[in-house]
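Q: The lines below spell out each chain.
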Amino acid sequence: MTNEIKSVNGTGIPLMLDDIDTDRIIPARYLRCVTFDGLGDYAFEDDRQQDPRHPFNQSEFRGASVLVAGRNFGCGSSREHAPQSLMRWGIKAVIAESFAEIFFGNCCSLGVAAVTASRDDLDRLAAAVEAAPPLNIVVCLESLTATAGDLSLSVEMPSSAREALVSGEWDYLGQLLSASCAIREHITTVPYLNAFSA
Amino acid sequence: MSDRRNLFNKVWNLHDVRTLPNDQTQLFIGLHLIHEVTSPQAFEILRDRNLKVAYPNQTVATVDHIVPTSDQSRPFQDGLAEKMMSAIERNCDEFGVKLLNLKDGRQGIVHVVGPEQGLTQPGMTIVCGDSHTSTHGAFGAIAIGIGTSNVAQVLATQTMFLSRPKVRRVVVNGNLAPGVYAKDVILYIIQKLGVQGGVGYAYEYAGTTFDAMSMEERMTVCNMSIEGGARCGYINPDEKTVEYLRGRPSVPTGDEFERAAAWWLTLASGDDAEFDDQVVYNAADIEPTVTWGITPAQSVGVSQPLPNVADCDAGEQTLIKEALDFMGLAEGEPVKGTPIDVAFIGSCTNSRMSDLREAARIVEGHKVADSVKAIVVPGSQLVRQQAMQEGLHEVFETAGFEWREAGCSMCLAMNPDKLQGREVCASSSNRNFKGRQGSPTGRTLLMSPAMVAAAAIEGRVADIREFAGATV
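Line order of the protein sequences matches chains E and V.
Note that our numbering gives residue 12 to position 5 of the first sequence, counting from 1, and the numbers run on in steps of one.
Note that our numbering gives residue 1112 to position 225 of the second sequence, counting from 1, and the numbers run on in steps of one.
A partial selection of chain E residues facing chain V, derived with a Cβ cut-off under 8 Å:
| no. | residue |
| --- | --- |
| 1 | 53 |
| 2 | 83 |
| 3 | 105 |
| 4 | 107 |
| 5 | 197 |
It should be emphasised that the hints constitute simulated quantities derived from the structure, not laboratory data.
Here the structure is a predicted model, which is why all the values come from computation and not from measurement.
For glycine and all other residues, C-beta sits at the position ideal for the given N, C-alpha and C.
Next comes chain V alone, as it looks inside the complex (with noise of 0.2 Å):
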């Protein structure tokens, strides 16, 4: 049994709305994004029921995956994408629902608009129609993706079932060595605790590495936290995250602002908070990690080789043996010097100012290489924005990458942007699956987005720390 002191079970409790004998919980949702992939069939649903959405104002949607991060003109070239374009603008006017659309200004990832519209705060229960939703989780909150009839569920209740997880705390003690990131930090998680670790638990991210991170880099942990089977993963608020969003445009001012900061502030588990279960590592011990395979836990430190199949648990060869064909990569031959064909950055994990301001450094003073294409795709359109007042395109675009409108673009490849053949990409993104970038033998390498720069430049995975020319 947990101690309520930790912050998922203190939130938790304050949105139970009945727990049924079975123990399902049914849980009050405080803030409910919506995509246009995983809504239509729901306002269908609420259609075939005569039903309205319950409470709109608790309700916020934009469009990512399918827009095309080129042409964006109107109707779409893909004729299904425009379909579901027309479907998401029709449902959010007929239900009352605010889109944040194509010429909003404020369209992006759903992951990337929420916290950056302050829609996204501690104490809150956040649900989408995708598994990163566990992003929002960076800011103390409980946040989980979901399928179609829950958002159905969420639309026309504002509530839905689920049974109260375990929580494992997470802690990871130390500094982060020079070349070494948020997105390493999680890819050595999974790759300890393995993709299915995380099942039947919440993971809190706790020690002086999280603490020690900006909100971004807290967000880009947390949502990776379903690639360990997690469903939700969080970070206690503190001063960062009262910072990060004062002065947003869904977060209140003045005194209600202050009340909110000092209640947001309550919720943080306290130094005697029990957990279900708690691993501990050192920061020290990671390095910059690639994954080398189609799981995000079957990734290696840029130094290290691939493992050998007979070095491995009996239970785990098949699909390493999968993994290593799929690739096309030797057991125990180096990650490094692996070529590529793609770079890109962008995606929910890895798209915002602080990812983009990196990867322009490295870049910077140097040519993508002639065998590769190179694309960078801001997480949304503030993000673009901003980037290009501090002229990180204008870097970009003189290395030979292309710099792209926002969306969600090459992480699922929904839209124009996808692998052609067995192209290998260095992504930025959080999922190595077979065929995840559009291509059914497509190959991705998952890095950090210093990483992807920097592989972008050499045509091969490259080790950040002995680039030439940065300073990591």
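Bound conformation, chain E alone (with noise of 0.2 Å):
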């Protein structure tokens, strides 16, 4: 299948930073939209305006495919405009010391890799990329490795997310859609769809 991500292979992207929500990584202000497109220009917008040394300001790291994150990455709001905003900017694997939930869960929905490492292996990581700028990290969703130069880290995903982006499978709307018959069975034993009496 063409949907398949069994790796991404790209330059990195450090922000070792926790608990960064996703206000910051897209701003309110650029929800106002019917669609997601362009979001890609204002990934980080504030935290960028306010810190020039902002990874996301720095022309070494621009292309960069793989961020490298601290804990509790993605927390806050559910705006999907998050992840839309990062893979629109380039990003296609974030591996952090942990993800917020609706966070990860809007990642898996656009085959966005979000993989989590722990906290030594992705200071090392993130070290590693600041010290030589571009350096080219692959991460591999087989066999659960991002590797990078002489570096190799052991990655962890969620086996349902890894086993739908390494089988393509991430149509998630597709795979739903394949009930319909049971939803429909499904619907006469909710007490609160049949007048409290199922």
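Reassemble the complex: the two chains are provided individually, in unrelated frames, and hints are given to aid placement.
A: Pasting the structure below:
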């Protein structure tokens, strides 16, 4: 299948801060839109304006596709605009210590590989990326490893999400639709849809 | 393995259409709430694939995030906001979804409107493209926030894939001291468990403190579950739940209501219910709580000083320094007395009648400090109307607050209500993230509506328990 995502191969960008919320990834004023087009231009807009040294401002990280991040990445608002803006900026994989759940689910919907690694490994990886950009990183979802130069670390991902990407079956809508008969039957068992007599 | 006798697992099992070998459950969704910000792209997905809304009666729309709270004449002055309004109007019309629009009389913040209309009921699965959907858990529902791709999936199939979370019972026992509110309880819980503590869990809030709370207070608690990382939080239904819902527009009547009520009460976790984890707190340990940083866990009791960086866990120090720098606050200093520029009473956390009544009781007979801009934004048109019947708007306006139309407003500042520059806002909302209230450098101090009212009058963070003239 053409949608199979077995690995992501590209240069890295480090952002080792914790509790990065989705308001910071894409400020709410950019949600005034009816499509996701153009959101890539505004990824981390306010952080970038306030910090010239922000990684997303640095030319050596331009074109990166693997974001190296800290704990609880993507917390806060459910806005899918956040992973959309990262994806449209060029990010194809995020390696973080941990993710907020809604953000992780949104990444799965978009085919963005969101994997976790230990803090020590992430600190080493981020240091390597900062020391010698552009540094190529290969995130392999089959072997669950990330390699960059001589550095190799193991990464984790819930098996359901990993299998979906590797098999290319992350079009969840198609799979949900395939159960439409079962859904119709299921409705007859839900008390509040059957006058509380079911 | 969780025991099925807790509410979460009972309700989950009831909605399990099928569970795949990879442990993903295709979960039936009883109520889908939509709004103008996270739905337009979902309807586009339906159009692209030539799909319909599968069960339009299970979806209800309203508008809240971008609506102006002063001049609501159409077209809106903000052309982008107008475009979003037009999009949801067209989408609801074309796909047959009921829209509670501005002229309807029932419009408001989606998490205020759902319960108010009786759409939100115990035992349901409820989703919305908004993280504060956890609010609806106050009724003993599984209520979770979702992204736009999920919105499209639920529109097209009334189902979505989810992995069953674990369930943590968060117990708080005892009476809240005067001046301590539901908001303080949830800020305290988040302070204790952290902003990531709830990842992978649903929170069941249990104990005598929650038993004693009104439904509106329970909504405040469940609303901020997501700030603690828990996608869903709930409270077991009881007689208060039943009585709140009796007579609401979307609730059945007569014998059917009695059958509903009986069923709702059976859903509650039994005394022998098992949980994956449990924590226990004492209400007596909770004081009026104020955030000082850039995550909702960065809070202190109002009588307490800000932390000293060196005393904190090594792993937290970078974030604490970042927060203190951004906020312009010094470690070890008291939070009480911090000057404010703006006071905001509103949001899906605290914009209901009990919030407005309590805030009005505090401000009555006082004036907002000259240096403070203060606004009250009711959660819905019906809340606004009720408050005006009680004369609360006059209390607020006499004190110097602006009395606005219903919407999300300055909680996330997608409409014209924004902080300017580095203004500090005492806010009854739910997030103190950097830039959250519309100015990239704006600063937010989260607290209860009563504490916001007191701060507005004093011009600085005040302890409601010491506030002049207030009998709390």
